Amino acid sequence: MFKPLDPLLHSELRLAIISLLIGLQEADFVFLKEKTKATSGNLSVQLDKLRDAAYIEINKSFKGKIPRTTCKITPQGIAAFQSYIDALQSYLNPQ
Amino acid sequence: METNKFSEQESLVVIQQMINTARNSLHKGVADILIFWGYLIAATSLIIYLLQHALVNSGYVQYAWLITILGWVYTIIKVRKLRHSTKFKSYTNLIYGKIWLAFGIACVLLPLFYSLAVYRFGVSAIWITLTPTILLMQGVCLFASGSIYHFKPFMYAALACGLLFGVCFIFPWQQFLFLGLGQVLSLVIPGHLLNKKAEKDV
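If you read the protein sequences in the order shown, they are chains A and B. For the first sequence, our numbering begins at 1 and goes up steadily by one. For the second sequence, our numbering begins at 1 and goes up steadily by one.
Simulated from the structure, these hints should not be mistaken for lab results. Treat each hint with caution, since some may be false.
Result set (DSSO-like, lysine-lysine): computed pairs, CA atoms no more than 27 Å apart in a straight line [unchecked claim]:
#	chain 1	residue 1	chain 2	residue 2
1	B	Lys87	B	Lys200
2	A	Lys49	B	Lys200
3	B	Lys87	B	Lys196
4	B	Lys28	A	Lys49
5	B	Lys197	A	Lys63
6	B	Lys98	A	Lys37
7	B	Lys89	B	Lys200
8	A	Lys65	B	Lys87
9	A	Lys37	B	Lys197
10	B	Lys152	A	Lys63
11	B	Lys28	B	Lys81
12	A	Lys60	B	Lys28
13	A	Lys49	B	Lys81
14	A	Lys72	A	Lys60
15	B	Lys89	A	Lys63
16	B	Lys152	A	Lys72
17	A	Lys65	B	Lys152
18	A	Lys3	B	Lys152
Here are the in silico distance ranges between beta carbons for each label pair [what the hints assert, rightly or not]:
#	chain 1	residue 1	chain 2	residue 2	range
19	B	Thr133	A	Ser61	39 to 45 Å
20	A	Ile85	B	Leu66	49 to 55 Å
21	A	Asn59	B	Leu66	38 to 44 Å
22	A	Ile85	B	Leu130	27 to 33 Å
23	B	Arg120	A	Asn59	29 to 35 Å
It should be emphasised that the depicted structure is a prediction, and the values quoted were computed from it without experimental measurement. Idealized CB from N, CA, C, for every residue including glycine.
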């Protein structure tokens, strides 16, 4: 039986963001942009979507005079990622 | 990277790639603190070794270890700087930092307890085990660091520390020479190699 895949995570960029954040304590916007090779605008939109779903926390601060945005996965985000992996397994190893 | 929907196989590839990226990411200057300590301990132990062999009354030479306070000052400044400048914080970096912090604290506590033991029991021969013990602990920390970063030079460095641990017991009067050599082999060289690897990642 196939389990439904979370539509919020079943998108290449959002899944990449969550997969990066799952292995890190936190990451800033520049790091996520470099590693996902996304454009600033697109990354910003997708981060907002993940934050609205409470999958990530976004903190805005200043590093000297330069604004800095850091992202961190939440417990809900971790749970959603685990459910996504479970669902993915049902597609890859159907019983 | 696009936001379009994609197949289950493709999503697995993305997850694998990103998890590997997060795991293998190193920030610039990750080994700066280790390298500084390596040079500092190597220089101090060489100075002590030379003074011990040049002076008749070499008892006060051990106070030269107070130079290592410089290492703690540098470590505190560097950690504060890194906290503000890194683009990410990873669990591997956190564990790596804690391992070396525990080692540093042990290196401060050990001589203090040795002094206490000598004062209490009067067995001054115990001092001969201090340098090899530090080298052995350093080897353990290097092995752990090598394992979390999948970085082979740290594994070889751990092996070098293990060998020097044994050599220190065979040639106890040259211990500080081996301690200095140990720092170059286990902190300075692998530290520069790790920084080079991190430069490529940035």
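Evaluation of the provided hints:
Under the criterion of a C-alpha separation no larger than 27 Å, the hint pairing lysine 87 of chain B with lysine 200 of chain B is consistent with the structure, at around 15 Å. At roughly 32 Å between alpha-carbon atoms, lysine 49 of chain A and lysine 200 of chain B are farther apart than 27 Å, so this suggested pair is violated. For the proposed pair lysine 87 of chain B and lysine 196 of chain B, the alpha carbon gap of about 18 Å is at most 27 Å, so the pair holds. For the proposed pair lysine 28 of chain B and lysine 49 of chain A, the alpha carbon gap of about 31 Å is over 27 Å, so the pair is violated.
A distance of roughly 26 Å separates the Cα atoms of lysine 197 of chain B and lysine 63 of chain A; the hinted pair therefore holds under the 27 Å criterion. Annotation: proposed proximity of lysine 98 of chain B to lysine 37 of chain A is violated, straight-line Cα distance about 32 Å (limit 27 Å). For the hint linking lysine 89 of chain B to lysine 200 of chain B, the alpha-carbon distance of about 18 Å falls within 27 Å, and the restraint holds. In summary, the hint linking lysine 65 of chain A to lysine 87 of chain B is supported, as the alpha carbons are separated by about 16 Å, within the 27 Å threshold.
Between lysine 37 of chain A and lysine 197 of chain B the alpha-carbon distance is near 21 Å, which keeps this suggested pair within the 27 Å criterion. Between lysine 152 of chain B and lysine 63 of chain A the alpha-carbon distance is near 35 Å, which puts this suggested pair outside the 27 Å criterion. As the CA atoms of lysine 28 of chain B and lysine 81 of chain B are separated by approximately 12 Å, the hinted pair is consistent with the 27 Å bound. For the given pair, lysine 60 of chain A sits about 23 Å from lysine 28 of chain B by alpha-carbon distance, which is consistent with the 27 Å threshold.
Of the pairs offered as hints, the one joining lysine 49 of chain A and lysine 81 of chain B is violated, with about 32 Å between alpha carbons and a cut-off of 27 Å exceeded. Distance restraint check for lysine 72 of chain A and lysine 60 of chain A: the Cα-Cα separation of roughly 12 Å lies within the 27 Å cut-off, and the hinted pair is therefore satisfied. Taking the CA atoms of lysine 89 of chain B and lysine 63 of chain A, the gap is about 15 Å. The hint holds against a cut of 27 Å. A hinted pair counts as satisfied when its Cα atoms are at most 27 Å apart, and lysine 152 of chain B with lysine 72 of chain A does not qualify at roughly 30 Å.
Pair hint lysine 65 of chain A plus lysine 152 of chain B does not hold up; C-alpha atoms about 40 Å apart against a cutoff of 27 Å. Restraint check: the Cα-Cα separation between lysine 3 of chain A and lysine 152 of chain B comes to about 42 Å, which exceeds 27 Å; the hinted pair is violated. Checking the proposed 39 to 45 Å range against threonine 133 of chain B and serine 61 of chain A shows it holds: the Cβ atoms sit about 43 Å from each other. The hint said 49 to 55 Å for the Cβ distance between isoleucine 85 of chain A and leucine 66 of chain B, and at roughly 54 Å that hint holds.
At about 41 Å, the CB distance of asparagine 59 of chain A to leucine 66 of chain B agrees with the hint of 38 to 44 Å. A hinted range of 27 to 33 Å for the beta carbons of isoleucine 85 of chain A and leucine 130 of chain B is inconsistent with their spacing of about 50 Å. A C-beta distance of roughly 52 Å is found between arginine 120 of chain B and asparagine 59 of chain A, which places it outside the suggested range of 29 to 35 Å.
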